[in-house]
Amino acid sequence: AIPGRDFVAAEGRLDFDHNEMQAKIEVTIKAVPRYETKDRFRVLLFDPQGGLKLDTHMDGGSQRNILTVTIEADPESRQRVDRVWNLLQAKWQRSKVGQANWASQFKEALYVNGGQSDDDDEEDSDTPRLWDYIGHGITVPWKLLFALVPPTDFCGGWLCFYVALLMIGFVTMLINDLAALLGCVMCLPDEITAITFVAMGTSLPDTFASKTAAEQDPYADASIGNVTGSNSVNVFLGLGLPWMIASIYWAGKGYDEVWQARYQFASGLDFLGPAGRRTQGFVVEAGSLSFSVAIFACCATVCLVLLQTRRILYGGELGGPARPKWVSSGLLCGLWLFYIGISSWKSLSEEGGFSCR
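Numbered per the numbering used here, the sequence shown spans residues 163 to 519.
Quick caveat, the hints were computed from the structure, so don't treat them as lab data. One or more hints might be untrue.
Claimed, not checked - DSBU-like mimics (lysine-lysine), calculated; alpha carbons at most 35 Å apart, straight line:
1. K215 x K200
2. K215 x K192
3. K253 x K269
4. K269 x K305
5. K373 x K415
6. K269 x K258
7. K192 x K373
8. K373 x K258
9. K373 x K305
10. K508 x K487
11. K258 x K305
12. K269 x K373
13. K305 x K487
14. K186 x K200
15. K269 x K192
16. K253 x K186
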């Protein structure tokens with residue numbers, strides 16, 4: 163041990179009163195980091211006076227007594243250090259695995275079919291075809307973009323979850339803007355653009371996810387539940403959150419000439435007050451929404467009847483003989499086309515046909 167670092171060096175006189183058999187020597191041990199090391203220092207008793215004698219059987223003989231003090235690490239502190247070290251080691255190993263997985267995402271994004279092995283020894287290996295190369299050339303920028311999403315090895319998967327949400331939001335916003343521009347160029351009303359291009363662009367990922375779930379899961383719950391859950395998010399969160407923000411904005415906004423000119427004397431807004439004295443608020447005109455929702459409800463009812471019929475006849479909503487599968491698929495696609503056709507007809511009849519304004 164080193165004086166000043168491990169302990170406070172001290173010296174002095176130790177006095178004993180009459181008939182006193184014990185006395186204390188206080189030495190200050192400094193709190194320094196220790197794990198496996200042991201430090202030692204000595205306490206020396208020498209020059210006894212007044213008839214005192216030193217124990218000759220102790221270390222040092224008759225002239226002095228020597229006490230060796232050993233400073234050891236606290237067992238509880240060692241256990242805490244061990245736990246922290248083991249935790250850091252485990253996290254470091256997971257981080258190394260996560261970094262390797264993250265790097266593999268970029269490698270798979272750059273190669274056709276994810277760079278699967280084409281070894282001659284593997285009979286089942288899929289050799290890329292012409293369409294695979296064409297599709298890869300079209301989608302490689304998107305693959306590289308989404309490879310930025312970190313794997314689930316970091317932060318317990320939460321980092322992957324939030325970054326994926328940001329990516330989904332970005333793609334949804336991009337698809338919505340591009341679909342709106344396409345509808346504007348084609349002179350389509352916003353209602354038709356919403357139920358065709360926007361709906362297809364935002365629902366295709368759900369379609370592929372449901373297809374994958376249907377192929378991998380023995381039951382139809384995951385694939386059908388994915389569709390209903392996605393639509394629930396679209397309706398409750400996709401509409402509710404923006405409308406709530408817009409309502410708060412308009413509730414706190416001052417006098418607006420555009421709103422006054424458009425809604426102050428418009429019909430159907432009596433809930434905002436009588437015409438001419440209406441309170442400004444967030445207004446969304448329904449248009450042909452009620453008719454479209456009614457047609458959708460009818461098509462959804464036919465779809466549910468079809469699923470129940472398949473359960474009775476074939477023992478499940480998915481699968482079964484080839485011919486009923488094609489008939490069911492055709493019927494469902496027909497319902498979709500029927501919904502789009504009737505809703506588009508209603509919207510165009512109200513808008514006065516195709517026109518660019």
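We went through each hint and held it up to the structure:
1. K215 x K200: Between K215 and K200 the Cα gap is close to 32 Å, so the pair holds against 35 Å.
2. K215 x K192: 32 Å, holds
3. K253 x K269: Distance of about 24 Å is within 35 Å: holds.
4. K269 x K305: 10 Å, holds
5. K373 x K415: It is violated: about 46 Å lies between the C-alpha atoms, which goes past 35 Å.
6. K269 x K258: Holds: K269 and K258 sit about 17 Å apart, inside 35 Å.
7. K192 x K373: With a Cα-Cα distance of about 67 Å, the restraint between K192 and K373 is violated, given a limit of 35 Å.
8. K373 x K258: 33 Å, holds
9. K373 x K305: 20 Å, holds
10. K508 x K487: Holds: K508 and K487 sit about 32 Å apart, inside 35 Å.
11. K258 x K305: 23 Å, holds
12. K269 x K373: 25 Å, holds
13. K305 x K487: Distance of about 33 Å is within 35 Å: holds.
14. K186 x K200: Satisfied, since the Cα-Cα distance of roughly 24 Å is no more than 35 Å.
15. K269 x K192: The given pair, whose Cα atoms are some 55 Å apart, is violated under the 35 Å limit.
16. K253 x K186: With a Cα-Cα distance of about 49 Å, the restraint between K253 and K186 is violated, given a limit of 35 Å.
Hint compliance for this structure: hints 5, 7, 15, 16 are broken, all remaining hints hold.
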